[in-house]
Amino acid sequence: MKEVELRRVQFGYDPKKIVLEKIDLAIPNKDLVAVIGPNGGGKSTLFRLILGLLKPLQGEVFIEGQNPQIRTDLVGYVPQNSKSNHHFPIRVGDVVALGSDESRRWGWGFSREVRERTDQVLEEVGLSDFKKRSWQALSGGERQRVLIARAMMSKPRLLLLDEPSANLDLQSKTKLYDLLHRVNENTTVLVSTHDLGLVPHIAKSVATVNHFLHYHPKPEITDLALHVMCGSDVDHHCPLPEMTTLAAAS
Amino acid sequence: MWEALQYDFMQHALLAIVLGSIACGLLGSIVVVNRMTFLAGGISHFAYGGVGLGVFLGWPLLPTTLAFTVGGALILAKWTQQNRENSDRIVSLLWAAGMAFGVLMMDLTPGYQVDLGSYLFGSILAIPASDLFWMAGLDCFILLLVLGGYKPLLAVSYDHEYAELTKVPVKWFYPLVLMLLACGVVILIRLVGIILVLALLTIPPSMLEKNASSLQQLMIGSTLLCFAMCLIGLIISYYGDTNTSAAIVGVAIAAYLTKTLLEFATNRLSKKF
Chain A
1 MKEVELRRVQ FGYDPKKIVL EKIDLAIPNK DLVAVIGPNG GGKSTLFRLI
51 LGLLKPLQGE VFIEGQNPQI RTDLVGYVPQ NSKSNHHFPI RVGDVVALGS
101 DESRRWGWGF SREVRERTDQ VLEEVGLSDF KKRSWQALSG GERQRVLIAR
151 AMMSKPRLLL LDEPSANLDL QSKTKLYDLL HRVNENTTVL VSTHDLGLVP
201 HIAKSVATVN HFLHYHPKPE ITDLALHVMC GSDVDHHCPL PEMTTLAAAS
Chain B
251 MWEALQYDFM QHALLAIVLG SIACGLLGSI VVVNRMTFLA GGISHFAYGG
301 VGLGVFLGWP LLPTTLAFTV GGALILAKWT QQNRENSDRI VSLLWAAGMA
351 FGVLMMDLTP GYQVDLGSYL FGSILAIPAS DLFWMAGLDC FILLLVLGGY
401 KPLLAVSYDH EYAELTKVPV KWFYPLVLML LACGVVILIR LVGIILVLAL
451 LTIPPSMLEK NASSLQQLMI GSTLLCFAMC LIGLIISYYG DTNTSAAIVG
501 VAIAAYLTKT LLEFATNRLS KKF
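The listed protein sequences derive, respectively, from chains A and B.
Take the first sequence: its position 44, counting from 1, is numbered 44 in my numbering, and each next residue is one higher.
Take the second sequence: its position 183, counting from 1, is numbered 433 in my numbering, and each next residue is one higher.
Honestly, I wouldn't trust all of these hints.
To be verified - Residues from chain B that face chain A, not an exhaustive set, calculated with beta carbons under 10 Å:
(1) Ser279
(2) Phe351
(3) Leu354
(4) Ser368
(5) Phe371
(6) Ser373
(7) Leu375
(8) Gly399
(9) Pro402
(10) Glu411
(11) Glu414
(12) Leu458
(13) Gln466
(14) Thr508
(15) Thr510
Claimed, not checked - Covered by chain A, per the in silico footprint, the following chain B stretches (three or more residues, Cβ under 8 Å):
(16) 404–410
(17) 417–428
The set of hints was computed from the structure by calculation and includes no laboratory data.
Only a predicted model underlies this, so the values are computations on that prediction, with no experimental measurement involved.
For every residue, glycine included, the Cβ atom is placed at its ideal position computed from N, Cα and C.
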């Protein structure tokens, strides 16, 4: 059974303006997929469909053969770090604990089991000393790792990361991708990224999204992927020059 | 000052400060971290309609204002949730409508005698025991819901989208917080009045937000800071023979400006050396 399956999925926020069309995707277990595509091409929408936050207009989405709207615990999600409130008064331990299902239960504090699981995942992401630290005092790279730890609280089978390397320096990016490779030993990972030059180093396969989707089971950006990215039927700026520059820079 | 504590009105004022500080600390922290200050302003001004209605109908003012404000807060929650892009206009509309309705009701009341200023700017030295019971009851209600529902409140405040993903009942958050705010506003009307409520709700948590390491810490710190500001304001007004609410808000604003200036000076000095 495939970890993630999308069958003939079609979606638009307005049924007259379709964002994603005829999406067929089957991602095998423990794959590490780089999801690339221009801004507005539908990467975030694809993630929201897999997370079960959006319902397709047509077609079906399965995670391990189950509906993601029902089995939310199967998927962990790491949103863009730049979207989080950097001034929010919260400790690292509490951010991670919010990834457990206890966050929706009545009560003032988290249980001992959740605290122990928090220690465990913080150790896995290399932040075991950070539990009592304030979120406000962390660097961008540390915040990203905390958000990965939060996503891992429910022991997900699939982890989605939305542009995790945005606004990170090279050292933080390296640490992040090392962590993703470790996580990938037990978990299927989908990473949306603009770091096209890094795709061959971080991913096992590539999914190109721009209204349509092209999946390539190797970490290469094929001519067909480029065709999908610069598709003539979609009114988007072709990102080809940017890609070439990034690849050359890396 | 100590002699004044023998009088009932001063004991009531002190008790009102304690009760008001609890509401301010808990709700103000939620308002500030969720950037809902404008909404809080809308609800506090809408409450004036409830005061006017109570006066016009001759009903007890605090329960009438509470029912009116909670009703308005729930309408506001529903309306703004359906029209997020226009939420600022909706808040402005309710803000003005509540005030206008209150003034009209007062005008239409035959033989109107109520001191308008005591609701707009508070009357901390004239709080009857019955109002204190209402304030204590509302405080218990706020404490129960905020402390009991702390984890979902924290989850939604910190990351709305992720909370939705983990099945936290996000759609209840907004109406619940606005309803609690309505209760808090009613508690604070007697303390500092409709116009000045916003200052007490937002200044203490805004001062502490950057230094607090948890929402719990921010709530406790804001409660204590609000209590200190109210007490100093009360003492100043006692010796200076001035309006107590204005003195309390004056102390709060002076503290906020002092902190901002000190931070600015420290930053400049640290850059220089």
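Hint-by-hint comparison with the structure:
| no. | hint | in the structure |
| --- | --- | --- |
| 1 | Ser279 | holds, 8 Å |
| 2 | Phe351 | violated, 36 Å |
| 3 | Leu354 | violated, 41 Å |
| 4 | Ser368 | violated, 36 Å |
| 5 | Phe371 | violated, 31 Å |
| 6 | Ser373 | violated, 34 Å |
| 7 | Leu375 | violated, 35 Å |
| 8 | Gly399 | holds, 6 Å |
| 9 | Pro402 | holds, 6 Å |
| 10 | Glu411 | holds, 6 Å |
| 11 | Glu414 | holds, 7 Å |
| 12 | Leu458 | holds, 8 Å |
| 13 | Gln466 | holds, 8 Å |
| 14 | Thr508 | violated, 21 Å |
| 15 | Thr510 | violated, 15 Å |
| 16 | 404–410 | holds (count 5) |
| 17 | 417–428 | holds (count 3) |
When the structure is compared with the earlier hints, violations turn up for hints 2, 3, 4, 5, 6, 7, 14, 15 and for no others.
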